[in-house]
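So the protein sequences, as listed, match chains V and S. Residue 105 in full-length UniProt numbering sits at position 105 of the first sequence, with consecutive numbering throughout. Residue 86 in full-length UniProt numbering sits at position 86 of the second sequence, with consecutive numbering throughout.
Please note: incorrect hints may appear among the correct ones.
[To be verified] Derived lysine to aspartate or glutamate pairs resembling EDC-like cross-links, with alpha carbons at most 20 Å apart:
| id | chain 1 | residue 1 | chain 2 | residue 2 |
| --- | --- | --- | --- | --- |
| 1 | V | Lys80 | S | Asp203 |
| 2 | S | Lys18 | S | Glu5 |
| 3 | S | Lys18 | S | Glu66 |
| 4 | V | Lys114 | S | Asp203 |
| 5 | S | Lys80 | S | Glu5 |
| 6 | S | Lys80 | S | Glu106 |
| 7 | V | Lys80 | V | Asp203 |
| 8 | V | Lys18 | V | Asp40 |
| 9 | S | Lys80 | V | Asp203 |
| 10 | S | Lys80 | S | Glu173 |
| 11 | V | Lys18 | V | Asp55 |
| 12 | S | Lys114 | V | Asp203 |
Hints in this document: simulated from the structure, not taken from any laboratory.
There are 2 protein chains.
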Amino acid sequence: MRIGELSRRTGVSVPTIKYYVREGLLPPGQLTSPNQAAYDETHVRRLRLVRALLDVGGLSVAGVREVILAIADTERPVHKVLGVAADRVVPRYPEEPGEGIVAAREAVAALIAKHGWRSHPESPAAQALAVALAALEGVGHGAFVEVLDAYAQAAERVARADLDYVARNVVREELVESVVVGTVLGDAVFGALRRLAHVDASDRLFGDNT
Amino acid sequence: MRIGELSRRTGVSVPTIKYYVREGLLPPGQLTSPNQAAYDETHVRRLRLVRALLDVGGLSVAGVREVILAIADTERPVHKVLGVAADRVVPRYPEEPGEGIVAAREAVAALIAKHGWRSHPESPAAQALAVALAALEGVGHGAFVEVLDAYAQAAERVARADLDYVARNVVREELVESVVVGTVLGDAVFGALRRLAHVDASDRLFGDNT
Chain V
1 MRIGELSRRT GVSVPTIKYY VREGLLPPGQ LTSPNQAAYD ETHVRRLRLV
51 RALLDVGGLS VAGVREVILA IADTERPVHK VLGVAADRVV PRYPEEPGEG
101 IVAAREAVAA LIAKHGWRSH PESPAAQALA VALAALEGVG HGAFVEVLDA
151 YAQAAERVAR ADLDYVARNV VREELVESVV VGTVLGDAVF GALRRLAHVD
201 ASDRLFGDNT
Chain S
1 MRIGELSRRT GVSVPTIKYY VREGLLPPGQ LTSPNQAAYD ETHVRRLRLV
51 RALLDVGGLS VAGVREVILA IADTERPVHK VLGVAADRVV PRYPEEPGEG
101 IVAAREAVAA LIAKHGWRSH PESPAAQALA VALAALEGVG HGAFVEVLDA
151 YAQAAERVAR ADLDYVARNV VREELVESVV VGTVLGDAVF GALRRLAHVD
201 ASDRLFGDNT
């Protein structure tokens, strides 16, 4: 199909499609004449993936490029790619050198050990958790760590559901793509569900007596 | 204390503190002379809250202002404020008018009904969920809805833990603030935990046979 039809099929404007090709988010079409290219279903699917990661996942263009490179990297063992992809998706927070972060990192290492997780305490996810816990402590909500176990159990439940879903895919590229999509869009899904559950729990707790 | 000490205590630069005052994120200090103001512990705490919402929560300056106004609004019943605060924190996604969003909204309404949640299907959280589900469908991962129940159960568990934590606060403003902080920073905490659990689950599933 021509670029105009690709645009109609995906709702992405022609200049934006050209921008994504320049930025390496979308492979160029097959040249059929010096200034015309043909696109196929792989471009439709990739464009939808790019828009989902940008619009719903909130990733930057550079972040989407990294994720797409991770999906395309066929050299590594699957579980390594999954780890790398997950790490790349985690936001990198500036670590304040204050005393709070040291205690928070110890709390994270203890949590990982307690749950027997095969996760490295120096991984981006562990560091992001430490920064979030230090920030909670900084605003006077250090007691939040007491509910961390409930959070960790819920996270295990979600991760198991994610992996069960992912393990259905037999083709390697689909498997890796589904992990990345699930990691990014799954966060948006869970965040929305958590707020729905909040509204319900808050209504039951405070709705009748205030 | 003077603005220089407030800056040292919080690690926020003096020009940035002045910017936050202009933007309404921080109340001005008490004027002690025409060009000097005194700040106190409430400023230290508020500055840490603002930085936590900006840096870890990823909110915009306008988003932080809205959240702070919601905390300060003492007129409304508590559960209404909690709902409003939660709704304001939810990212607003552009809703594509495609057929995908209609089916996704029906799936969300069915999920709310199934779990007996007192949540409105038109709320921002429900709409954010519908947009995320429609995006998953658009990238060929419509089957993800099959794991939605596991997600919903985990979200209920987290929401109960959040409300248990919140209900300890007896002072109204602290209660509302703790919900807002928990909603924003709790997302960062859960996202990091989910990735730690992913790495563990992925290593167990794929680590030995690839």
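Hints, one by one, checked against the model:
Note on lysine 80 of chain V and aspartate 203 of chain S: the hinted pairing holds, with a Cα-Cα distance of about 8 Å set against a maximum of 20 Å. Taking the CA atoms of lysine 18 of chain S and glutamate 5 of chain S, the gap is near 14 Å; set against the 20 Å cutoff, the hint holds. In summary, the hint linking lysine 18 of chain S to glutamate 66 of chain S is supported, as the alpha carbons are separated by about 19 Å, within the 20 Å threshold. In summary, the hint linking lysine 114 of chain V to aspartate 203 of chain S is supported, as the alpha carbons are separated by about 17 Å, within the 20 Å threshold.
A distance of roughly 38 Å separates the Cα atoms of lysine 80 of chain S and glutamate 5 of chain S; the hinted pair therefore is violated under the 20 Å criterion. A C-alpha spacing of about 25 Å is found between lysine 80 of chain S and glutamate 106 of chain S, which places the hinted pair above 20 Å, so the restraint is violated. For the proposed pair lysine 80 of chain V and aspartate 203 of chain V, the alpha carbon gap of about 43 Å is over 20 Å, so the pair is violated. The straight-line distance between the Cα atoms of lysine 18 of chain V and aspartate 40 of chain V is roughly 15 Å, inside the 20 Å bound, and the hint therefore holds.
Restraint check: the Cα-Cα separation between lysine 80 of chain S and aspartate 203 of chain V comes to about 8 Å, which is no more than 20 Å; the hinted pair holds. A C-alpha spacing of about 14 Å is found between lysine 80 of chain S and glutamate 173 of chain S, which places the hinted pair at or below 20 Å, so the restraint holds. Pair hint lysine 18 of chain V plus aspartate 55 of chain V holds up; C-alpha atoms about 18 Å apart against a cutoff of 20 Å. For the proposed pair lysine 114 of chain S and aspartate 203 of chain V, the alpha carbon gap of about 17 Å is at most 20 Å, so the pair holds.
This entry does not satisfy hints 5, 6 and 7, going by the numbered hints stated previously.
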